[in-house]
Every structure is written in structure tokens, then in C-alpha cells.
Amino acid sequence: MRVSDLPLPGPFVDHVAEAGIRELYPPQAAAVDAGICRGANVVAAIPTASGKTFIAELALMTADGPGLYVCPLRALAREKYETFAALPGVDAAISTGDFDATGEELAGHDVVVATSEKVDSAIRNGATWVDDLACVVVDEVHLLDAERRGPTLEVTLATLRRRISDLQVVALSATVDNPEEIADWLDATLVESEWRPVDLRTGVCVGGHVVFDDGTERDVPVDANGRDVDDPSQDQGPDDTAVTAALVADTVADGGQCLAFVRSRAEAAALAEHLADAGLAEAMG
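Quick note on numbering: the sequence shown equals residues 1 to 285 in UniProt numbering.
There could be a bad hint or two in this list.
[Claimed, not checked] Distance windows between CB atoms, simulated:
(1) PRO221 - ASP14: 42 to 50 angstroms
(2) MET1 - GLY126: 37 to 45 angstroms
(3) ALA49 - ALA17: 18 to 26 angstroms
(4) PRO221 - GLU181: 44 to 52 angstroms
(5) ASN178 - PRO221: 25 to 33 angstroms
(6) GLY65 - VAL204: 46 to 54 angstroms
(7) ARG74 - ARG163: 19 to 27 angstroms
Derived by calculation from the structure, the hints in this document are not laboratory data.
Don't be surprised by glycine CBs; every beta carbon is placed ideally from N, CA and C.
Given these sequences and hints, build the entire structure.
Dropping the structure here:
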């Protein structure tokens with residue numbers, strides 16, 4: 001399915017074509033078939049890097065009015081705001097703890113990016129711009145099950161749907177466990193796929209030696225300086241940060257992209273610093 005065949009603004013089609021997007025990925029085509037460009041509610045449960053953001057753009061660019069993009073993290077909100085603000089003809093706004101706009105300052109924008117807490121606050125404070133929304137996109141919708149943030153997101157969605165009878169809701173997640181239940185709750189069509197633009201392999205890495213699930217093996221050069229020589233527990237090899245940094249660097253050097261999960265903010269900062277020291281300064285972003 002070609003992007004140019006969809007009911008999208010010409011400048012937007014040209015913009016994405018310049019980025020090399022001319023054909024839809026299979027999950028994106030399934031979302032179109034589900035009616036995402038006609039105002040239908042859609043839950044997209046698809047893997048990372050399989051086109052969730054473009055699915056959101058399909059809904060926002062074909063909506064009959066302003067759109068709201070709800071995401072859980074300030075950093076993610078800023079990233080999405082910059083993405084939408086770069087779209088031709090789109091007037092975007094952001095409301096998070098770092099970039100705060102309150103009340104009617106958010107009225108009149110084509111797309112508002114906000115955390116669920118900010119949307120909840122806007123609703124509670126009587127913001128009238130909320131009633132003008134035509135489309136709401138919820139990223140990381142699996143957080144409905146989160147103990148701390150789930151109730152706020154659930155109440156926010158329920159309130160918006162009650163206040164705006166014809167509101168289009170698009171929910172996105174790569175890790176949701178109960179997509180059918182969420183789709184039923186939102187009266188939405190479920191688009192579920194395991195398709196990925198690149199093959200995914202899983203493996204275990206110990207000290208720079210990787211064993212993959214298909215039986216193949218690979219050695220990744222690890223910086224010995226990553227080991228804390230004063231810590232006897234690390235006598236067997238480099239620390240986890242050094243190994244993770246080596247895996248990231250090896251992936252990037254091979255022309256790939258990498259997302260590293262660690263256990264804490266402190267470990268994330270340590271890994272970013274390690275990568276920056278190794279010449280991957282963009283990891284600090």
C-alpha cells in the first residue's frame with residue numbers, strides 16, 4: 001500500500017517521501033484497513049521499530065480536528081513534539097513538567113503532546129481546549145496496568161471518551177499483554193502483528209562472548225578498562241557496563257541501531273558516559 005494513495009495532505013506525503021517512506025509496513029497497512037484514516041478506534045500491538053509513530057501520524061493527519069498525543073515520559077514527549085512540529089503545516093504544542101503550557105495556551109494547536117498527568121490536570125482544571133479534540137493517540141498503552149500511573153491514564157481516557165462522543169482513540173504498544181481486552185474497552189479494532197523490518201535474534205552475552213538462540217556465536221571486543229580492578233568480585237572479567245557498551249558500539253559500528261535497558265538511572269548515566277568516552281557522544285542525548 002502506497003502512502004500517496006491515502007487521504008493525506010500533499011505536503012505531508014512529500015515530507016515523508018523525502019525521508020524514504022513511500023510504502024506502508026504491513027502493520028501500518030492493517031491499521032489503514034481498520035479505518036484509522038476514517039476516524040476509527042484502533043489498538044496497534046506491534047513490535048518496536050515496526051511503524052507505530054507513523055500509525056499515529058496517519059490518525060492525526062486525517063482527523064477532523066485537533067489531536068492529542070499522550071505519552072508517559074518527558075523525554076519521549078519532547079521527542080514526539082519535535083517530530084510533529086517538523087511536519088509541514090502542523091502547529092504543535094507540548095505540556096510536560098519541563099515544557100509547561102496551561103489552560104487556553106494549548107487551544108488552537110493542531111497537535112498537543114502531553115503526559116497523562118498533564119492531561120488529567122487540564123481536565124480537572126476545566127481546560128476547554130480538551131473538548132475540541134478529534135483524535136487522541138495513547139503511546140505505551142500497556143501502562144494502563146501500571147500500579148502507579150495506570151489509574152490516571154485509565155481515568156483520563158474514560159473522561160475524554162465520555163466528554164467527546166465522536167473522539168477517535170488510537171492506542172499503541174509493543175509490549176501489551178492484553179490487547180484484546182484494551183481493544184474491547186475502547187471499542188477499537190485490534191491490529192496485532194509480529195512483523196519486523198529487521199530480523200530479531202536473542203542471545204546471552206557473558207564477558208563479550210555472545211551465544212544466539214540459533215546456535216551461532218560472536219565475540220565482541222570489550223574495553224578492559226571497564227573493569228574495576230579494585231573490586232575482587234570482578235576478577236573474572238569486565239563489568240556489565242563495559243560489556244553493554246561494547247555491544248552497543250559493535251551494533252552501531254555494524255550500521256545498526258541499539259536500545260539498551262539497564263536497572264536504574266545511575267546505570268543509564270554510567271552507560272551513556274562510557275559510550276561518550278568511546279566516541280559515541282550522541283548516546284548522551
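To see whether the hints hold, each was checked on the structure:
In this structure, PRO221 and ASP14 meet the distance hint of 42 to 50 angstroms, their C-beta atoms being roughly 44 angstroms apart. Take MET1 and GLY126: their Cβ atoms lie about 42 angstroms apart, and the range 37 to 45 angstroms holds. Between ALA49 and ALA17 the Cβ separation comes to about 20 angstroms, which falls inside the hinted range of 18 to 26 angstroms. At about 46 angstroms, the beta-carbon gap between PRO221 and GLU181 stays in the expected band of 44 to 52 angstroms.
Distance hint check for ASN178 and PRO221: the Cβ-Cβ separation is about 42 angstroms, which falls outside the suggested range of 25 to 33 angstroms. Checking the proposed 46 to 54 angstroms range against GLY65 and VAL204 shows it holds: the Cβ atoms sit about 50 angstroms from each other. Between ARG74 and ARG163, the C-beta spacing of about 26 angstroms keeps the proposed range 19 to 27 angstroms intact.
When the structure is compared with the earlier hints, a violation turns up for hint 5 alone.
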